[in-house]
Amino acid sequence: MPQLQRREVVITGVGVVNAAIVGASPALGAWLREPRPAARSGAGGARPAVRLPEATLAGLIDPDEARRLARVCQLTIAAARFAVAEAGLDPAAGLGLVVGSELGDFTSTIAFADGYLARGPAGLSPLLFPNTVMNTMAATTAIAVAARELTLTLNVPTVAGELAIARATAAVASGRADAVLAGGVDELDPLVAEMLDALGDDGVRGEGATFLVLEAERVARARGARVLGRIAGAAWRSLPARPWGVGRHVASRAIAEALAQAGRQAPDWLYVSASGDATRDAWESRVLSAALGSRRVPSVSLAALIGHHAGLGALHVAAAAWTARVGLLPAIGGGAERVAGGGLVHGLGRGGGHVAVMVEAA
Amino acid sequence: MRRVLVTGLGAVSPFGAGVKTYWAGLAAGTCAIRPLSLIDATGFRCRIAAEVPDVGAGSARRSRADRLALGAAAEALEDAGLGAADRASAALVVGAVGGGMLEAESWYWARARGERLPRWAASLRAMLPAAHAEALAHRLRLGGPRHTVVTACSSGAVALAEAAELIADGVVDIAVAGGVDAVTRMCFMGFNALKLLDPEPCRPFDRDRRGMSIGEGAAFVVLEAAEHARARGVRPHAELAGHGTTTDAYHVTAPQPEGEGMARAMRAALVAGGVAPDAIGYVNAHGTATPQNDRIEARAIAQVFGAGRPLVSSTKSMIGHTMAAAGSLEAVATILALTHETIPPTATLLTPDPEVEFDCVPRVARELAVEHAISNSFGFGGQNITLLFRRA
Numbered sequence: 013m014p015q016l017q018r019r020e021v022v023i024t025g026v027g028v029v030n031a032a033i034v035g036a037s038p039a040l041g042a043w044l045r046e047p048r049p050a051a052r053s054g055a056g057g058a059r060p061a062v063r064l065p066e067a068t069l070a071g072l073i074d075p076d077e078a079r080r081l082a083r084v085c086q087l088t089i090a091a092a093r094f095a096v097a098e099a100g101l102d103p104a105a106g107l108g109l110v111v112g113s114e115l116g117d118f119t120s121t122i123a124f125a126d127g128y129l130a131r132g133p134a135g136l137s138p139l140l141f142p143n144t145v146m147n148t149m150a151a152t153t154a155i156a157v158a159a160r161e162l163t164l165t166l167n168v169p170t171v172a173g174e175l176a177i178a179r180a181t182a183a184v185a186s187g188r189a190d191a192v193l194a195g196g197v198d199e200l201d202p203l204v205a206e207m208l209d210a211l212g213d214d215g216v217r218g219e220g221a222t223f224l225v226l227e228a229e230r231v232a233r234a235r236g237a238r239v240l241g242r243i244a245g246a247a248w249r250s251l252p253a254r255p256w257g258v259g260r261h262v263a264s265r266a267i268a269e270a271l272a273q274a275g276r277q278a279p280d281w282l283y284v285s286a287s288g289d290a291t292r293d294a295w296e297s298r299v300l301s302a303a304l305g306s307r308r309v310p311s312v313s314l315a316a317l318i319g320h321h322a323g324l325g326a327l328h329v330a331a332a333a334w335t336a337r338v339g340l341l342p343a344i345g346g347g348a349e350r351v352a353g354g355g356l357v358h359g360l361g362r363g364g365g366h367v368a369v370m371v372e373a374a
Numbered sequence: 005m006r007r008v009l010v011t012g013l014g015a016v017s018p019f020g021a022g023v024k025t026y027w028a029g030l031a032a033g034t035c036a037i038r039p040l041s042l043i044d045a046t047g048f049r050c051r052i053a054a055e056v057p058d059v060g061a062g063s064a065r066r067s068r069a070d071r072l073a074l075g076a077a078a079e080a081l082e083d084a085g086l087g088a089a090d091r092a093s094a095a096l097v098v099g100a101v102g103g104g105m106l107e108a109e110s111w112y113w114a115r116a117r118g119e120r121l122p123r124w125a126a127s128l129r130a131m132l133p134a135a136h137a138e139a140l141a142h143r144l145r146l147g148g149p150r151h152t153v154v155t156a157c158s159s160g161a162v163a164l165a166e167a168a169e170l171i172a173d174g175v176v177d178i179a180v181a182g183g184v185d186a187v188t189r190m191c192f193m194g195f196n197a198l199k200l201l202d203p204e205p206c207r208p209f210d211r212d213r214r215g216m217s218i219g220e221g222a223a224f225v226v227l228e229a230a231e232h233a234r235a236r237g238v239r240p241h242a243e244l245a246g247h248g249t250t251t252d253a254y255h256v257t258a259p260q261p262e263g264e265g266m267a268r269a270m271r272a273a274l275v276a277g278g279v280a281p282d283a284i285g286y287v288n289a290h291g292t293a294t295p296q297n298d299r300i301e302a303r304a305i306a307q308v309f310g311a312g313r314p315l316v317s318s319t320k321s322m323i324g325h326t327m328a329a330a331g332s333l334e335a336v337a338t339i340l341a342l343t344h345e346t347i348p349p350t351a352t353l354l355t356p357d358p359e360v361e362f363d364c365v366p367r368v369a370r371e372l373a374v375e376h377a378i379s380n381s382f383g384f385g386g387q388n389i390t391l392l393f394r395r396a
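Going down the list, the protein sequences come from chains Y and V.
At position 195 of the first sequence (counting the first as 1) the number is 207 in the numbering used here, and the numbers step up by one without a gap.
At position 29 of the second sequence (counting the first as 1) the number is 33 in the numbering used here, and the numbers step up by one without a gap.
The shape of chain Y in the complex, shown without the other chains (with noise of 0.2 Å):
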């Protein structure tokens, strides 16, 4: 099958906020050299999650703009609004949006439904009824960044931070755009953490949103941006399995054709999108084998330390530029791993959402 020929698609600024990093690349970086787990709390079901102290979000966006906002909004540009001053892009020169988010804002959804049922019809707020829809995080950070080409949200269990980076990866590939913010978010929600234990996901849960500034390397060259790493290969395949369920085929397309994008046999290290969702976490593990062999090859998920939320996945791609840079692969309990070469981002969710990244140094 004929497959254009691919532009260099780099990153040129990263924005985190959860409950362990906020900030651009240099606060990721602090954090990746001696990660620590961030706090647990209540509100995540019937097991402690990782929540972002509110009193964190409230520094980072002005009152009268939290106001017109859901918390989730808020997370979303915060975390954009740090990625795109890192990249020091102008806008105005076209600029893409993609959202993977795997809840949306269901604190909105829920309270607009509870003021219906308990006032009928003159309960409903319209101001809450549009984000009861999933791109409402899109919507508004649009405007706040002056997105003003493709805007996209994206909707998958696990792997949504992911899919958005690989989605964004195509479109600059492509060349139809030249830049794109790109990452996921998610909240946590006491009655969605209550929704997943009854499905059972048994995973760290956490909150959060990272973004990242995706640019065609010659345009972000030319204009002398600061390149933190490369996105060598991206690629968003399926595996068979029922809705919500684990499956058993372990071949993967998608890490032979991220593999193939960067002209490579195999990655050198891994992150992984291994949550604590035991049955998942297995397939995983079973899919990673079949594709890398007998070879040892090391791995890291920063999901038991942040909790796993659609902003991970974004977070994993923007720690595997930083290994790429810095040659370190950060350990679960401290410390870090040398390393060199090139990583691949993998994420497999429930249902079969199969996402693979490959980053390099740029």
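If you are wondering where the hints come from, they were derived from the structure by calculation, not from laboratory data.
C-beta atoms are modelled at their ideal positions from N, C-alpha and C, and glycine is treated no differently.
Treat the hints with care, as some may be off.
If you want the footprint, here are the derived chain Y segments under chain V, 3+ residues with CB under 8 Å [said to hold, decoys possible]:
| hint | stretch |
| --- | --- |
| 1 | 178 to 191 |
| 2 | 249 to 255 |
Residues from chain Y that face chain V, not an exhaustive set, calculated with beta carbons under 10 Å [to be verified]:
| hint | residue |
| --- | --- |
| 3 | Met146 |
| 4 | Ala159 |
| 5 | Leu211 |
| 6 | Arg362 |
Start from chain Y and add chain V according to the hints.
For chain V alone, coordinates are given in the frame of chain Y:
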């Protein structure tokens, strides 16, 4: 870039199941907007919607929206004549908003009222927009790249554009794409709260229009690389010749007043398809019948094509605003207009709005052969898309 052909069509509309039924309703100018039956509309000013009369085959354990999607996607696959091998590598892109919210609402309403909870795990599993894609992929054995896009009311059209890019870029040869939404309490109540619903069937482009009507349904298409379709000996319905996607970045619910983002999307689609504005014979408008949308959309069309031409109609006058399904149902209507050489009417248009400087095909379909047509879809957040179709 590879050419992208439409080789399969499927629809479940407020007229019933099937593309033939859909076209018969559109061509006859039948309004399918009737009193609501799915949810309790007591206390609301508007109590009508365009519901699908018979959701058809499929397990009742699935959400209503999943069943709508399965019916439409299965028809599209059968129409395209795709075998198991092609399905196994076909991409799937679904535009969705409400997911299985109708069933999840039943659970939440019961919970709030202290009643016995119905099948809660099943309801919750199907609740998110991505649930449709998982159900379709599993049931129809679609094994290629898969994703779900949520761009509010333009989701169904964006799904087609996403799939077309996967084919044009050589990622896959075949993609199944479309949108789906069922009537939900949240949607009905929300548009009521925004005072955007007409208590009578909506009247797009009418001087006296008072808002939209909610609808539901699903439409899916099979998109295929031209050389792949040729090798299979398939006769296409049309070519998806281009698309343009823009964002207003202006307001969460209101469109930019001059229609700048809408016009930009239409121009981008024309550029992508290498088609001059005067080659477009028909615009299937977003045409929601809200005072604001129709005026601004007409202004945007005039910016691109000049006042007075081409023909413009809104099929929402017959099937209401089917939310995430709207963009794909209207894409199918546009393709059928090309193949049947008939422009579907704005069926409820009685008194044309003098601010809308177009022939909006009032009440009765019009026989006309056109080579190129566009379908506009616009969503909350200023998410605009125009699809450009060329007669095969």
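Taking the hints in turn, this is what the structure says about them:
1. For the stretch 178 to 191 of chain Y, the proposed coverage by chain V is satisfied: 4 residues have a C-beta within less than 8 Å of a C-beta in that chain, meeting the threshold of three.
2. Here the stretch 249 to 255 of chain Y counts 6 residues with a CB under 8 Å from a CB of chain V, which clears the bar of 3, and the coverage holds.
3. Restraint check, methionine 146 of chain Y versus chain V: the minimum CB separation of about 4 Å is within 10 Å; hint holds.
4. Because the beta carbon of alanine 159 of chain Y sits about 6 Å from the nearest beta carbon in chain V, less than 10 Å, this interface hint is met.
5. The criterion of a C-beta within 10 Å of any C-beta in chain V is met by leucine 211 of chain Y, whose closest approach is roughly 6 Å, and the hint holds.
6. Proximity of arginine 362 of chain Y to chain V holds as hinted, the smallest CB-CB distance being about 9 Å (cut-off 10 Å).
Comparing the model with each numbered hint stated earlier shows that all of them hold.
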